[in-house]
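A.B. asks: Those protein sequence lines, which keep their order, are chains U and G. Residue numbering for the first sequence follows the numbering used here, beginning at 1 and increasing consecutively. Residue numbering for the second sequence follows the numbering used here, beginning at 1 and increasing consecutively.
Please keep in mind that the hints were generated in silico from the structure rather than gathered at the bench. Accuracy of the hints is not assured; some may be wrong.
Unchecked claim - Within a straight-line C-alpha distance of at most 35 angstroms, the following computed DSBU-like cross-link-like pairs (lysine-lysine) qualify:
(1) K148/G with K210/U
(2) K180/G with K25/U
(3) K42/G with K172/U
(4) K54/U with K111/G
(5) K25/U with K117/G
(6) K67/G with K180/G
(7) K94/U with K67/G
(8) K54/U with K94/U
(9) K153/G with K25/U
(10) K111/G with K210/U
(11) K54/G with K153/G
(12) K54/G with K173/G
(13) K210/U with K169/G
(14) K42/G with K101/G
(15) K210/U with K117/G
(16) K24/G with K53/U
(17) K169/G with K53/U
(18) K172/U with K101/G
(19) K24/G with K124/U
(20) K94/U with K42/G
(21) K101/G with K54/G
(22) K148/G with K24/G
(23) K173/G with K153/G
(24) K169/G with K94/U
(25) K117/G with K148/G
(26) K111/G with K153/G
(27) K54/U with K24/G
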Amino acid sequence: MRTTGLSLVLFFVSTVYSNAQLERKLENTNQPVDLIFHAPRHINLLTVEPLEKKTMHFAIMHTFGTLDGGIETLYGLDNGANIQFSFEFGLGDKLSLGASRSSRDKFYNVYGRYHLLEQTQNGKMPISVSMAGGAGVITNPYSFLPEAERPEFADRLAYSAQLMLARKFSNKISLQVSPMMAYFSNPLPVYLIEGTQQFYLALGFSGKIKVTERSSLTLQWIPNLNSDLRNNVGIGWDVEAGGHVFQMYFVTSQALNEQYLLAGGNGVPGEEFRLGFNVNRIFALGQNKR
Amino acid sequence: MKGVGFILALFLSFSALGQEFLTKNGEVVFLSEAPLNEFEGKSSFLNGLINLDKNLLDFFIDLNTLKTGISLRDSHMRENYFETDQYPFAEFTGKIAQAPKLVVGERTSVKALGAFKMHGVERQIEVTGFLTKLQNGKIELSADFTIKLSDYKISIPSLIFYELAEEQKVTIKATLTEKK
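Just chain G, same shape as in the assembly:
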């Protein structure tokens, strides 16, 4: 009897663990389109977790890994805008509005709801993205959304207004592997 209880609990605990999908090298690109200057920043260090059974999404990126192609601009970005020495991460924790049934090879539109945190400010956001279950059991994720810098208390001085856009278009792309 005890044995059955143990096995049952073990079984429950494993199913509770759910299907957890992880990545450490998702891609993040932001695009700044200001009147006088357009540039991109990129990182391929997006860390993410999707647990479909628990309906949990958790993503974060070390903002120090974003590169725009010009080191001085990267330094200014880290020191004056993100202030990475105090706030090194941009993070999102949330859930999918309606947990989808993923069919292999089919791109499914999902809506994510949750808290996005950056520069010490946390806001509730809604992001539309796509999940695709691949043949090999992995999940592919793509999404894009817009961030208004002033929402996160990142101010653009008037001198820079023409070079840095207030609205940043963010695109993320990742392939998540099931945790064994």
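Pulled out of the complex, with its shape left as it was, chain U reads as follows:
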């Protein structure tokens, strides 16, 4: 009797088992969170958003004159834009290298980002941590200066380094804190920077508040830690459109790279805001595209 009972149990167990569906299992239980920010740029600062291997991020960024010119200058749009193009290549899933050129002082910059940690959906890793560094050269010929007064190559170099700590707190809110530094080999008055010191320390804060499925309110604040320069403030709007991310913003500085953001100086938030506009696009390289 006992064996019959046992066999019955066995029978039912196996029947039930064979009717059972497959267990739904994630392939990667440590799936990283998606899109802490919309793009590798956020207003003017770099973010922890990684580039996949063999993809390229292209960004074109503009900032215009101050709003206080009023309608006569179409709120600053007439007054010389600073334009920066940048290309950044994903060499691996963690490392990317890029180059940019901004029209202000004809500044060429090479930079890299390395992603140390990625926040995961299961919360095991609560934050993403990346670092970035850049080295640039001012190539404006300053031909209006007498030849003897033109800066030497060694006077034209500027470097930057930063650590980026970011967390997506919810689907709506993300925040990044970036301790940053910049170093100018010789901060000459002829350069379009207000700072006169060589070394600058600051904290970059980037905030994102998602408003609709595909757009967010964006915030930027960069308090200086060792200079008397005014702090950078920015407020904007990010829109995802297909493969593009459009970023529109008001910001207190025309600077578009880290060195100039820290040394460049800032206008008074409000009437000295400048309109800014970025277009981000990611391309896949060397892959079969239909």
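Model the placement of chain G on the given structure of chain U, informed by the hints.
C.D. replies: Okay, now just chain G, sitting in the frame of chain U:
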């Protein structure tokens, strides 16, 4: 007598177990053909079960494994369309309309009926596919069908309309191995 009962039950239970065929690495490809942009997403992590005796089909895929070749697009796909943090799987559970007799080496057309679930929406669908029993005892499966995103409450904003197609062509291909 008891012994016979036991063996009988054991035998029954094994036959009830049926011929179960499984895969963990089937391929899924979706093709989006919009006026301005055409792209494919791929995954080779289709999990599937076919039990011919019980007439049971069960498939699922972790949508996080779909790759379109552009990481930003993948992120947008996961976050804004599939919402994988809430709905990580696309799944199908159903049966074959007329259980076929498979002959080795012969490609047999079958019609599958069942529930397809994605983005928190479950719908009854009908898929025509092919099953082939291979020399080595494995079963090869291929099928294609179309998914309308709006059926699964995935909306395409008008700004993106030209880049993402409302109808996605899905192709699946898998070789299922008999469970021993």
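A.B. asks: Next step is simple, just say for each hint if it's right about the structure.
C.D. replies: Hints, verified against the model:
no.	hint	result
1	K148/G with K210/U	27 angstroms, holds
2	K180/G with K25/U	21 angstroms, holds
3	K42/G with K172/U	29 angstroms, holds
4	K54/U with K111/G	41 angstroms, violated
5	K25/U with K117/G	15 angstroms, holds
6	K67/G with K180/G	32 angstroms, holds
7	K94/U with K67/G	17 angstroms, holds
8	K54/U with K94/U	11 angstroms, holds
9	K153/G with K25/U	24 angstroms, holds
10	K111/G with K210/U	44 angstroms, violated
11	K54/G with K153/G	33 angstroms, holds
12	K54/G with K173/G	22 angstroms, holds
13	K210/U with K169/G	31 angstroms, holds
14	K42/G with K101/G	31 angstroms, holds
15	K210/U with K117/G	27 angstroms, holds
16	K24/G with K53/U	26 angstroms, holds
17	K169/G with K53/U	27 angstroms, holds
18	K172/U with K101/G	53 angstroms, violated
19	K24/G with K124/U	26 angstroms, holds
20	K94/U with K42/G	22 angstroms, holds
21	K101/G with K54/G	13 angstroms, holds
22	K148/G with K24/G	26 angstroms, holds
23	K173/G with K153/G	26 angstroms, holds
24	K169/G with K94/U	33 angstroms, holds
25	K117/G with K148/G	13 angstroms, holds
26	K111/G with K153/G	26 angstroms, holds
27	K54/U with K24/G	27 angstroms, holds
Of the numbered hints given earlier, the model fails hints 4, 10, 18; all others are met.
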